[in-house]
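Asker: Chain F is already provided as a structure; the job is to place chains P and C on it using the hints.
Residue numbers (the working numbering), protein chains in the order written: chain F, 910 to 1281; chain P, 910 to 1281; chain C, 910 to 1281.
Any given hint might turn out to be false.
Any copy will do: because identical chains look the same in the list, a pair fits if it lies in one copy or spans two.
Derived DSS-like pairs: lysine-lysine, alpha-carbon spacing no greater than 27 Å straight-line [stated by the list, open to error]:
no. : residue 1 : residue 2
1   : Lys-969   : Lys-1014
2   : Lys-919   : Lys-1014
3   : Lys-1193  : Lys-969
4   : Lys-1181  : Lys-1014
5   : Lys-959   : Lys-1198
6   : Lys-1198  : Lys-982
7   : Lys-917   : Lys-959
8   : Lys-1184  : Lys-959
9   : Lys-919   : Lys-1184
Derived by calculation from the structure, the hints in this document are not laboratory data.
Chain residues, written in single-letter form:
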Amino acid sequence: STKGGHLKFKSGDAKFQLGGRLMADYAAISDDRNLDGDGSEFRRARLFVKGQIFNDWGFKAQYDFAENDVVAKDLYIAYDGFDSTSIKVGNHFMPSGLEAQTSSKYITFMERSTIQDVFAVGRKNGVSVATHGDNWTLHGGLHMQDVSNDNDGRDEDYGYGVRATFAPITGKTQAVHLGASYSHQEFDDNGTERFRARPEIHTINTRPFDTKIDGVESTDNYGLEAAAVMGPFSLQTEYFAKEVETANGDFDLDGWYAYGSYFLTGESRSYKGSKGVFGRVKPKSVVGKGGIGAWELGVRYSSIDLYDGLATVPGINTAGEEGEVLTIGVNWYATPTIRFMANYVQSTVEHTGTLLADEDIDAFQVRAQIDF
Amino acid sequence: STKGGHLKFKSGDAKFQLGGRLMADYAAISDDRNLDGDGSEFRRARLFVKGQIFNDWGFKAQYDFAENDVVAKDLYIAYDGFDSTSIKVGNHFMPSGLEAQTSSKYITFMERSTIQDVFAVGRKNGVSVATHGDNWTLHGGLHMQDVSNDNDGRDEDYGYGVRATFAPITGKTQAVHLGASYSHQEFDDNGTERFRARPEIHTINTRPFDTKIDGVESTDNYGLEAAAVMGPFSLQTEYFAKEVETANGDFDLDGWYAYGSYFLTGESRSYKGSKGVFGRVKPKSVVGKGGIGAWELGVRYSSIDLYDGLATVPGINTAGEEGEVLTIGVNWYATPTIRFMANYVQSTVEHTGTLLADEDIDAFQVRAQIDF
Amino acid sequence: STKGGHLKFKSGDAKFQLGGRLMADYAAISDDRNLDGDGSEFRRARLFVKGQIFNDWGFKAQYDFAENDVVAKDLYIAYDGFDSTSIKVGNHFMPSGLEAQTSSKYITFMERSTIQDVFAVGRKNGVSVATHGDNWTLHGGLHMQDVSNDNDGRDEDYGYGVRATFAPITGKTQAVHLGASYSHQEFDDNGTERFRARPEIHTINTRPFDTKIDGVESTDNYGLEAAAVMGPFSLQTEYFAKEVETANGDFDLDGWYAYGSYFLTGESRSYKGSKGVFGRVKPKSVVGKGGIGAWELGVRYSSIDLYDGLATVPGINTAGEEGEVLTIGVNWYATPTIRFMANYVQSTVEHTGTLLADEDIDAFQVRAQIDF
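This is chain F alone, in the form it adopts within the complex (with noise of 0.2 Å):
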């Protein structure tokens, strides 16, 4: 079947689908240390094949060949014999915080807000177990560390977490999403780990908000999430705090987001209670059979902080430790599966722990994105 834009196939007690999704990107920026110019690049551009076999058997290959490489995404076998039960093994999104979890597909602004680079665990090669009710989940890994790893004379870094998700409202026009996820990261060579972001602009390659630190041994990630939807309107809010275990003593990181949208044309966000994520929005009308597609406006404020008076300790080398960024996004869906975003995008880094003066990188940016 080719419906909705999506090739699927099915016969017997098994059934297949071939797809992906390609965003392309365009975004003229303007940054204090002009560390990057205008430019455009494919931000994601996957093709993956996936099954249900033998009734209870799942599995999916996934991979970004985006900017002529290839990254593996979700490369994993399922077993789905259990009732409301899926067990994975192979490289998958391990338990994290909302946005996180929710498809790079349905995001509200062409970036996840920048304390996702710190905060979210993301895709890993391990064991997770997820089970759901109507309103709720609660999902459970064990990981090592990603596909490209080579680990020469030591052993791999690995971590485990969980993330429950509650719903007191679950309709298709109302709902409230109640969350949160812990995650501990062992790293076995104790070494340094840096601790950065983007601020919400992927085409350029620095990651102003910056922090390395020495000695790590382990890390304690705390999330806490909510979202609620009314009709056309939306908010999301999350709230991270990562506690970094080292020789030196322990340091405090933490972040938070909030946005809201407001569709024109009448849609609502799509939320998944039992699967504790939101999912495609699905225009009234659509581009192509008559219909203006849907018009979405949004707006989000996002704070970062990676600063903890790092910069006095000796042997911690820091860099753009705290800073906000500002939002405005608008979304054409034309179709369910083709949507063009533009968002402005006014970033604050503020280099605490540096002799750096503070930097504004400021970014209009836009994107064409179909997924098949």
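Answerer: Chains P and C alone, transformed into the frame defined by chain F:
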């Protein structure tokens, strides 16, 4: 459907195609400087998915994985909601000449003429609009750099171009094609640009036609094209001139080629008046269905001049600026999608601007090709 | 059709299959020199498309994307118009021994025996012809180097080989297999060649069985193979000898392995007399359809000798020339296409030619595998 060796799916208002191409080359090379030896390579090894969804929207994702590399080819989203008009955004062919726009699956010789390396625009990341009638086409585009570019600290280069074609005659076995193209390229850093070409042999890594010019600000590129199909005979020719604007004045590079082909088995080259390019040759009889396929002979002469007295300008580093290439080819189209090619190539490189002796490079090269 | 967990399409005179395989490995390693630590990797992560078109023509394009790399596996065009005979051109398996020719999807242990790294020919870019009867096969090939090779200034290396197999008994649960192979390899630059092998553990990067030989002109490789299936029992063994012709005289390397396997659940290893290889094990009962899958135990002993007094020849740099590997394995075939494997590997490396102490490398490694 697997009809004609192509994998296509259609249902409702959407259709998809999955496909690709393989070209396996083997070459024996004789070179005065002994730059390269006998070798083999996969010239192209591509996979793609393309689709038409929600009536008016199209997309294509095509990658080349030859030689264990990833290179993005087509990565675009198209809007086809206007009559006979397609608007594309992403990485795709910008307006350029006839041979450049004709798919590598359908070109008459193993390599496009040597001038294309210098004068063709090729695929770029940008936006283009193409419109057409039954026997004419008009295509304009605005482009950034290609998808693998990182642009730290400066703006990405950009350019624009246009191509128009007209076919006074456009039949299945008789056709006359006329066309013209213009493109402009800006170079943001006004640095050294290299204009260089392989001698219609791709298995060698050196590009002996090679001119470097300092302080290049922009280039203007003019192309003229003509072709004729007279039953089994066909003729094709193109001329290009490039004006290179630099801090040290302007320089003119140019080149042309002309070729003829003849089908021993009576087929005609397939001209598409509404696309302004040549398409797939379908043999009258197919190997595997009791036939012998189609047999074609061709001969091409190419001339390239990258000199323009450049050697006399200080600070300009040049080599291999002039030359010519003669190619004799035999093609065997076993089926519409499987082709075997043999080319004998004789190229002469005049190192006008350097002390290097003139150079002859000859090759006998063969290809096994399939597209699916 | 999605039957059996495979995605196949057929209509008219053409058929296509899209598929791939994933193998996720986790290993705990103990090594005297502490060369490597515990780790994870994707051993294989492949996608392919293959087809049969216009009756007599076939093709396959298969890539491995494991560890974020692109490696071409099968990239060939085949002509199958002669009875029981296939002519292939492109990158594909050249004639070699039984274990090398058996797909990694179907091998009994996680890794092929250590000798294969040195003695098997594997996939090369070239031409081969394979013919067969019900219980015999004959396969000859002529090859260049692999597809990623660049050969500036010298000719590509080439080689050729042949393999013959005969099965006096070939039934579903009873089979006897005999085979022999020979291959020759020319080295154009007569430089230093490295003959080295991993100890049946792939997550480590070092190849402790490692002999370098200078001035290698060519090698001749001889192989003998035998296997027997007796209901749930099976035995398999191979012996290889390689003669290395150098400017300093000839050297002889050799190795062998033998293994037995037993299915606790009563299945038999699946021998294909017309292909001269082992194929897919189908469990009598499938997990997901009320069954427990198939359970198999296996033990293998491998011995490799890359020494031949090489240390006494000036200008020859050697290390880790002799040794043996013992592997004990358990396989659980949950479905015909999903398999979980656990191997305990104990290897002993005798650094005969160097001052390096002898070395023990042990590993406990597990794999989750699917093919689709």
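Asker: With reference to the structure, classify each hint as holding or not holding.
Answerer: Going through the hints against the structure:
1. Lys-969 x Lys-1014: Both: 17 Å inside a chain and 17 Å across chains, each within 27 Å.
2. Lys-919 x Lys-1014: For Lys-919 and Lys-1014, both the intra-copy (24 Å) and inter-copy (24 Å) Cα distances are at most 27 Å.
3. Lys-1193 x Lys-969: between (31 Å within a copy, 26 Å between copies)
4. Lys-1181 x Lys-1014: Cα proximity of Lys-1181 and Lys-1014: one copy only (15 Å, versus 38 Å across).
5. Lys-959 x Lys-1198: between (29 Å within a copy, 20 Å between copies)
6. Lys-1198 x Lys-982: neither (34 Å within a copy, 30 Å between copies)
7. Lys-917 x Lys-959: Classified as both; 10 Å inside a copy, 15 Å across copies.
8. Lys-1184 x Lys-959: within (18 Å within a copy, 30 Å between copies)
9. Lys-919 x Lys-1184: within (24 Å within a copy, 31 Å between copies)
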